[in-house]
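One-letter residues, chain by chain:
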Amino acid sequence: GAVVSQHPSRVICKSGTSVKIECRSLDFQATTMFWYRQFPKQSLMLMATSNEGSKATYEQGVEKDKFLINHASLTLSTLTVTSAHPEDSSFYICSASGTTKNIQYFGAGTRLSVL
Amino acid sequence: LAKTTQPISMDSYEGQEVNITCSHNNIATNDYITWYQQFPSQGPRFIIQGYKTKVTNEVASLFIPADRKSSTLSLPRVSLSDTAVYYCLVGVNTDKLIFGTGTRLQVFP
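Keeping their order, the protein sequence lines are chains S and D.
Our numbering applies: residue 1 is where the first sequence begins, and numbers increase by one.
Our numbering applies: residue 1 is where the second sequence begins, and numbers increase by one.
Don't read these hints as lab results, they were simulated from the structure.
Note that the structure is a prediction, hence the values are computed from the model and not measured.
Treat the hints with care, as some may be off.
Claimed, not checked - Restricting the straight-line Cα-Cα distance to at most 27 Å, the calculated cross-link-like pairs of lysine-lysine (DSS-like) are:
id : chain 1 : residue 1 : chain 2 : residue 2
1  : S       : K20       : D       : K3
2  : S       : K41       : D       : K3
3  : S       : K41       : D       : K52
4  : D       : K96       : S       : K66
5  : S       : K55       : D       : K54
6  : D       : K3        : S       : K64
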């Protein structure tokens, strides 16, 4: 099956720093990628939709200047949490969809802890 | 976007068959029904997908009635490792998927 690689799996940073998370589709071209965040014991919450070569579409309540998304190629999307604060600590997950199958494949997630 | 409704939790014992039903009354004509499994601190893992009738793969079966307003994920002979949260989603792959609460399945020895 299709593989989506997400890196890093865990990051700990100081408040005020920026953190970049990468999401790669390893064996297929991802025309669309999605970014989610998940708090403990809660469901996934969609943050934004990323299409290759165009600006991301953010969900209501998600600050686009806080969570920068870049989808520069058909296999890579990045999420940068700028000036991270403790309330940004969460589990961030990406997913990708290709053109051959009607399935979204998910990365393993990134645990962000902001001190 | 179709909204889904699932039981919040279910308990089972090893070796039993588990059926999790999902309601999606507003499913659109182009929507597929997809089930994912999620373990703690991991991303969701694709289990099975269907459009209508019945689909079976090596891990599960998916039953979809003619009106497609619900679906049932069937897990045969569950084991302890099947303890996870199961999400039912409807949509097409290029559209955003809205996750509901999911069903937390606990399998006991």
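Hints versus structure:
1. With a C-alpha separation of about 32 Å, the suggested pair S:K20 and D:K3 falls outside the 27 Å cut-off, and the hint is violated.
2. The straight-line distance between the Cα atoms of S:K41 and D:K3 is roughly 20 Å, inside the 27 Å bound, and the hint therefore holds.
3. In summary, the hint linking S:K41 to D:K52 is not supported, as the alpha carbons are separated by about 32 Å, beyond the 27 Å threshold.
4. This hinted pair checks out: D:K96 and S:K66 have alpha carbons roughly 21 Å apart, not beyond 27 Å.
5. Of the pairs offered as hints, the one joining S:K55 and D:K54 is violated, with about 39 Å between alpha carbons and a cut-off of 27 Å exceeded.
6. Distance restraint check for D:K3 and S:K64: the Cα-Cα separation of roughly 26 Å lies within the 27 Å cut-off, and the hinted pair is therefore satisfied.
The structure is inconsistent with the numbered hints 1, 3, 5, although it conforms to all the rest.
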